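K.L.:
Those sequence lines, one after another, are chains A, B, C and D.
Under my numbering, the first residue of the first sequence carries the number 1, and numbering increases by one thereafter.
Under my numbering, the first residue of the second sequence carries the number 357, and numbering increases by one thereafter.
Under my numbering, the first residue of the third sequence carries the number 713, and numbering increases by one thereafter.
Under my numbering, the first residue of the fourth sequence carries the number 1069, and numbering increases by one thereafter.
Be aware that one or more of the hints could be misleading.
[To be verified] Below, computed lysine-lysine pairings styled on BS3-like, alpha-carbon distance capped at 25 Å:
#1 A:LYS164 / B:LYS520
#2 A:LYS113 / D:LYS1393
#3 C:LYS751 / B:LYS469
#4 B:LYS510 / B:LYS520
#5 B:LYS629 / B:LYS510
#6 B:LYS431 / B:LYS377
#7 D:LYS1393 / C:LYS973
#8 D:LYS1247 / C:LYS825
#9 B:LYS629 / A:LYS99
#10 A:LYS325 / B:LYS617
#11 A:LYS60 / A:LYS39
#12 B:LYS364 / A:LYS261
#13 B:LYS510 / B:LYS431
#14 D:LYS1341 / B:LYS364
#15 B:LYS416 / B:LYS469
#16 B:LYS377 / C:LYS811
#17 A:LYS113 / A:LYS311
#18 A:LYS261 / B:LYS617
#19 A:LYS152 / A:LYS164
#20 D:LYS1338 / A:LYS101
#21 D:LYS1216 / D:LYS1234
#22 D:LYS1216 / C:LYS811
#23 C:LYS813 / B:LYS431
#24 C:LYS751 / B:LYS377
#25 A:LYS75 / D:LYS1167
#26 C:LYS811 / D:LYS1393
#27 A:LYS54 / A:LYS164
Hints in this document: simulated from the structure, not taken from any laboratory.
Keep in mind that this is a model prediction, so the values were computed, not measured.
Protein chains: 4
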Amino acid sequence: MSSNSIGKIFSFSTWGESHGKAIGCLIDGVPSNIELNEKDIQPYLDLRKPGQSKYTTQRKEDDKVEILSGVFEGKTTGHPISLIIYNNDQRSKDYSDIKDKFRPGHADFTYWKKYGIRDYRGGGRSSARETAMRVAAGAVARKVIWKKIDNKVKITGALIQIGKSKINYDNWNEGNIHKNDFFCPDEKIIPIWQDLITQARKDGSSLGAIIEVRASGIPAGLGEPIYDKLDSDIAKALMTINAVKGVEIGNGFGSVNENGKTNVDEMSIKDGKPAFLSNNNGGILGGISSGQDIICRFVVKPTSSISTERKTIDINLQETTISTKGRHDPCVGIRAVPVGEAMIATTIADHILRFL
Amino acid sequence: MSSNSIGKIFSFSTWGESHGKAIGCLIDGVPSNIELNEKDIQPYLDLRKPGQSKYTTQRKEDDKVEILSGVFEGKTTGHPISLIIYNNDQRSKDYSDIKDKFRPGHADFTYWKKYGIRDYRGGGRSSARETAMRVAAGAVARKVIWKKIDNKVKITGALIQIGKSKINYDNWNEGNIHKNDFFCPDEKIIPIWQDLITQARKDGSSLGAIIEVRASGIPAGLGEPIYDKLDSDIAKALMTINAVKGVEIGNGFGSVNENGKTNVDEMSIKDGKPAFLSNNNGGILGGISSGQDIICRFVVKPTSSISTERKTIDINLQETTISTKGRHDPCVGIRAVPVGEAMIATTIADHILRFL
Amino acid sequence: MSSNSIGKIFSFSTWGESHGKAIGCLIDGVPSNIELNEKDIQPYLDLRKPGQSKYTTQRKEDDKVEILSGVFEGKTTGHPISLIIYNNDQRSKDYSDIKDKFRPGHADFTYWKKYGIRDYRGGGRSSARETAMRVAAGAVARKVIWKKIDNKVKITGALIQIGKSKINYDNWNEGNIHKNDFFCPDEKIIPIWQDLITQARKDGSSLGAIIEVRASGIPAGLGEPIYDKLDSDIAKALMTINAVKGVEIGNGFGSVNENGKTNVDEMSIKDGKPAFLSNNNGGILGGISSGQDIICRFVVKPTSSISTERKTIDINLQETTISTKGRHDPCVGIRAVPVGEAMIATTIADHILRFL
Amino acid sequence: MSSNSIGKIFSFSTWGESHGKAIGCLIDGVPSNIELNEKDIQPYLDLRKPGQSKYTTQRKEDDKVEILSGVFEGKTTGHPISLIIYNNDQRSKDYSDIKDKFRPGHADFTYWKKYGIRDYRGGGRSSARETAMRVAAGAVARKVIWKKIDNKVKITGALIQIGKSKINYDNWNEGNIHKNDFFCPDEKIIPIWQDLITQARKDGSSLGAIIEVRASGIPAGLGEPIYDKLDSDIAKALMTINAVKGVEIGNGFGSVNENGKTNVDEMSIKDGKPAFLSNNNGGILGGISSGQDIICRFVVKPTSSISTERKTIDINLQETTISTKGRHDPCVGIRAVPVGEAMIATTIADHILRFL
C-alpha cells in the first residue's frame, strides 16, 4: 500500500532524499536462485549518473550501489533485496537563497501545501536523484526476465526528439544508441542536438525531449484485464518519472490520423505461427501483450531549473523572483532514457511473474 | 489485489460480460451518510448508453442501474455499494461467423493466448460495455467529492478532435458540450464532424478521437509521491479504457515544443493567495495537485470493428478474412467522453479520501 | 485495498446486508478453464443455511446461489465470478423495539460510533448472514485447489467442543461429521450436546464452541515470509468470522505445556521421503506448509442475542434493557463449521496460486 | 503487495538476514511534522536486544539504529523512513555441522522446499533477529499514535505464563513489568520462573510462554469490516512473530467456558458517557474498537533450538541427529514481549490513520 512502492509481484520501494545520507531501494518478489551481484546493476547506474558528458549536469556522484540483503553466495534467496547508494556529499551547501522560495515548475509549492514541511536541499524527496534506484531495480528486473523468459529479451530506450528536432526513423541504428551522449539511434542528428543544447544553455533556458522504449522477445499473454492492463501499468510507471507529461503506446496520439482500415493490425500465419502485418498497437491488444515488440513513448518537459530569472513567491506569500545557479541538466530528458528503460523492465518483470 | 479493481481508498471492481446475465460494479470506501440513490447515477449512464444519436451505435440497451447494497434509508452506510445492470438481451445471436476468428485490433487473440478460452459473444469481458459500470462508479465518486470538498467542483469531458479535425479552442463554450451529439464545446465544428462520421460509415471505416477532461475546484495537495502521483494514477486510469493509446497532462507532448522559459508556470500573489500565471503543467506539479484546474487528454484509436474486410486468422491457425456486420460505433471516442470523465472523478475521489 | 476483500491472487469481496435486497460475492483470480456451475457451490451453502435442525435457528432462507459472470459454457474464463443470493424476505419486520438500542456483545455500538448510521435490521452488514458468501467462495476455492494440486485434497471442519464439553479425540471418526446436527466426529458426545443446547435455550442463554479444521494433501512450500505466513493468513481469515475470539495452529496454546524436547517435530525418512514423527506445529514451520496435515482451531463465543434481559443503552445515551425475541442460534459455533472450512479453503487456494 | 510488508496506511517492510551485512526497516505512511530521532527508537530496541540478563541468550548485538531518510531537521517529512542496524559480526562462524541439516521445529526444511536455497547461517531471513526491526517500527508507530490521539495512550506487554506457571492476576502491578528480567507484572512469581529457566537449561530443553498486551486510551471506531477487522489484523500481526502458535482477544478460548448471560458486556452510562460493565470482548466488538482497553494474548512455543540431541534429516535425505550448541534463549517468549507490543502499536497506528 505504500505510495513509494510499485508492482504487485515484482515490487520495489524507494527511499531517500537528494541530500540525505543515502538513497535506497527495497525489491521484493525476486525468485530464488538467480545469480546477482553489484556488477549486474552498476553498468546501468553508470549510464544515468551525472557528469558523463558536457550535455548533462556537471555534478559528480559515484552512484556506487551496494547489495545489503537477499543474496547468499551469489544467488538470490527469494527474500527482499535491499540496495543502497550513499550520497557523496550530504552536507548542505548554502541554500539560503532558495530555502524559502518555491521554484516554479517544481514540486516545492505542492509539497509544502501537502506536508507543511519540505527538505529544500535540492528538492529532497522530489529530486530526480530518486530515479537512480529505479535504474537499479530495472537491472534486477532484467535478470528476472532473462531467467524466466529468455536472455534474448531486449529492452531498449532511445531519445527520438529534443525540442522540435526529431530523428529520422529511416536512420534508426540501434548500435548507435550507446555511441553518443544522447542515447540517439540516428547519428546524423547528433550535431544538431549538440547545437540545440549549447544554445539553450547560452539562452539560460532548457529543452524538452521524447523517449521511445522498445521491448522485443516478450511473450503473448502479459497484462491483466481490466485495470492492470499492461499498457495502463506502463502508462503509470512512465508517468511517475520526474517531469514526464505524456505517455503513448504504438501509434499513440498519432492514431487519430489513421482510420479503421489503416490502423488495424491485420494477422496472417508465418512459419506456422500467428503473425501481424503491422504493429500500430505497439504490441498490446486489449491490455495484453500480443507477442510483437512493445513500443511506447514518453515526453519529458523542459527542465524547470533555468538560469533565467522567473517570477515566483515564497513561503511568506510574498512575490519574488528566482533563477537557478548551479549545474543543472539543460535537457533532463537525456538522462531519463535509462530510467524509462528501467520502468519498462520492472513492469514487464512484474507481469511475467503474475503470468508464469 | 484483484486486477478488476482500481483505487486504494475509494476503490471499485467491475464484473460481467457483454452478453452475460448482467454487468456490475462493487464500490468500496464510500464514506457513510452521503445521500445516494439510483437517480444520482442514471443520468450519467444515459449519456454513455448506445443508441442516443445516429453518430453512435444503433444498438439498444436500457442500462438501468439498481443499487443492491450499501445504502440504507437513502444514505450510504460506509459499506460496499453493489450496482447491477441486467443485460437486455443475453441470448446469443448467431456468432458462428466470428466464433473461431480473431477480430484484428481487438483482444480476441491475446485473450485466447492468455486464457485458452474466450467468450466470443461481442467481446465478452473485453467489450466496452464494461465501461458503463465505470460511469456508474464515477457518479458515486462525484457525490463523494462534492460532500468532502465542495459541490462546485466540476469534472467535464469534451471531444476536441475527430480524425484530423480539431476544435478551435477560441470557440470553446462549455455550455455547448451537452447540446450536440459529440460532447463538443465548439459548435462551429459540428457539421464537419457529422460529415466525417457519415463518410467513414460509407467507407466501411472508422475514426479516432481525442478527449480532454478538465477538473476545476480541486484543492492543492492531492497525489502521493513517488508512485501514486496524481498524474500517474490518472494516466493509468485513462489507459484502462478500451482503445485508448495515449494520455497526456497539461501541455503533454506539446511540452517538447516549449522551452524552460515558456513552459514554467510562474507564480504570483492574487487576492492574498498563491496564483499561477499559466497552467502548462495541467494543475499537477511533482505529482501533486497545485489548486489549478487539472487538464488531461487521451486518444481513442479508430474503432477496430469495421465493415471492410480485413485479413486475420482463426483458432485453428488458418488464414481467413473478417468484416464486422452489425451496428458498431464509427467513432468509439464519442461515447468514451463520459467514461473519461468518470475515471477522473474516481481517481480524484480516491486521492481526496487519502488526503483528508 | 477494499476492507471487504480478502486474498491477494485468489481474492474475494462480499457485499450486502442481512435484510437488503441480496447478498453477493465477487471472486477474482480464478484460473481459466475450470469447470464450475451452481451445483458445485450449493451443497456447501446448504450445510450452513439456517433451519436445518432444531439445534440451530429456525429462520428460513433458501440461500440459492446464482452465478452472474465469469463462467462461459460451463468453464471459468479467468474473469471475475459474481455470485448473488437474493434475500427471501427483505421487508423489514417491526424493528421499533431494537431500532435505537445497542444490542450488547454485537457491533451495534461500534458501528454507530464509526459510521454515525447503521442498518438496524438484523445487524445489517455485521450480520453473520454475510458468511454465506464466504462459504460460496470456499466452494470455488476447492475447485481451484483440486485443479491445481489434486482432487484428493481434503479440508474438513469439525465441532470439538460446546461449552465445557469436549470430544474425546480417541473417538474421532471423520465419517460421523456429516451424520449429526453438530458436525461432530465423536458420536458418543451427541446426546450430551443435545442436552446442553436444550438447557441453554431453556435458560434464555447460549453457548460457545471450538471448531477444528484439518487440511490434508497440501504440498510443502505454501506461505510467504515474513508477513504473509500461511499461519498468519489463516489466523486473520478465521478471526474475521463473526464472534470468533481466538485462533491457534497445531498445539496452539497447549504448546506452553510442552517443552523443547517434546514439542519439536523430529524428522526421519520414510519410503525415501522426508517424514515427521509428530505434528505439534500443525503442518506449518516458519510460516510455510511442511507437507503435513494443516491443523487449526478457533473459538466462537456464546451467541450474544439471548432472550434473557440484559442492560444496555440507546442512541440517546439513556440506560435501558434489551432481550432478544426471535429464533436465534443457541450456539452460533455450529453453523460456523462450514464457514471456517471455507476460510481455510480460500486461504490455501490463494497461497497455491502464489506458489505455483 | 510485498509479503515482507504489513499495514495499509502506516505500513512497514523489513529486510535482512541474521548474518548478513545489516537488517533494516522501511516505514511508509508516517504523517509529516512529527518529531523523531534515534533516541525515540533505541530504548525499545534495548529491551529486546540479546544479552540483557542471564535468562536470555548471551549473544551480543548492539542493535544501534540509524535513520537514513524521511526526517528533516528533526521532523518527519511524510516520506519513507529508512532504518538500518548493522550486524556486529557478519563473518560466518563455522556452520559446517548444521549447513546441510534441517533443524527440527525451525523453517529450515520448509524454506528449502520453497526456495531451493537457504542462508543456513543462524536461520538467515527466518531468524528472530528480524523482529528487532518490528520493535523499531513500533516505536515510530507510538509517536504517530501519540500525535494523532493523545500521548496518554499506553501499549503494554507482559509475560503472564512460562511453561505451566501462570501469574496470579490479583498480583498484577504494571510498575513491576520493567523491574525484572521477565517483563512480569507479578513479582511473587519471579523466583519460580528463575528456577524454571535454570532447570530447562540444565535439562537441555526449553519452555513456552504466554504474553498479554493491553492498549489503553484507544478511541472507539478503529477497525474495518469485514476483512480488516481490528482483531483480525491483530491476529495476523501477532501470528507473524516467530514461534507464535496462537492468538486470542479478550476472553479468547476461555469464552467457551462462559455462556451468553455471563459473556455479554452489558452497557450503562457513566459520567454521561457510554460505559461497559465488563470487558470480555477485549475492547473489540464486530471487529471495531469499543473505547475499552484492547486486550490480547499470544503463545510462544518452546524454543526449538535445544542442546539435547534430536532426530532429523539432511538435504541429501539422510537421517541424522542434531543438537544446538551456542547460546540460545531457553524461553524465547521473554524477548517476544517488546515485539508483541510493537505489533499492536503498528496495527493500531495503521487503523488510526485509516479512521482519522
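K.L.:
Next, verify each hint and record whether it holds.
P.N.:
To see whether the hints hold, each was checked on the structure:
1. A:LYS164 / B:LYS520: Given pair LYS164 (chain A), LYS520 (chain B) holds - Cα atoms ~21 Å apart, limit 25 Å.
2. A:LYS113 / D:LYS1393: 58 Å, violated
3. C:LYS751 / B:LYS469: 29 Å, violated
4. B:LYS510 / B:LYS520: At roughly 28 Å apart (the allowed maximum being 25 Å), LYS520 (chain B) and LYS510 (chain B) break the hint.
5. B:LYS629 / B:LYS510: 21 Å, holds
6. B:LYS431 / B:LYS377: The hint is violated at about 28 Å.
7. D:LYS1393 / C:LYS973: 15 Å, holds
8. D:LYS1247 / C:LYS825: Outside the cut-off at roughly 39 Å; violated.
9. B:LYS629 / A:LYS99: Given pair LYS629 (chain B), LYS99 (chain A) holds - Cα atoms ~20 Å apart, limit 25 Å.
10. A:LYS325 / B:LYS617: The hint holds at about 15 Å.
11. A:LYS60 / A:LYS39: This hinted pair holds, its Cα atoms lying about 20 Å apart.
12. B:LYS364 / A:LYS261: 39 Å, violated
13. B:LYS510 / B:LYS431: Distance of about 22 Å is within 25 Å: holds.
14. D:LYS1341 / B:LYS364: 35 Å, violated
15. B:LYS416 / B:LYS469: Outside the cut-off at roughly 32 Å; violated.
16. B:LYS377 / C:LYS811: Not satisfied, since the Cα-Cα distance of roughly 37 Å exceeds 25 Å.
17. A:LYS113 / A:LYS311: Satisfied, since the Cα-Cα distance of roughly 19 Å is no more than 25 Å.
18. A:LYS261 / B:LYS617: 42 Å, violated
19. A:LYS152 / A:LYS164: Violated - the C-alpha atoms of LYS164 (chain A) and LYS152 (chain A) are around 34 Å apart, more than 25 Å.
20. D:LYS1338 / A:LYS101: 54 Å, violated
21. D:LYS1216 / D:LYS1234: 36 Å, violated
22. D:LYS1216 / C:LYS811: 33 Å, violated
23. C:LYS813 / B:LYS431: 20 Å, holds
24. C:LYS751 / B:LYS377: 18 Å, holds
25. A:LYS75 / D:LYS1167: Distance of about 17 Å is within 25 Å: holds.
26. C:LYS811 / D:LYS1393: Status violated; Cα separation ~65 Å.
27. A:LYS54 / A:LYS164: 21 Å, holds
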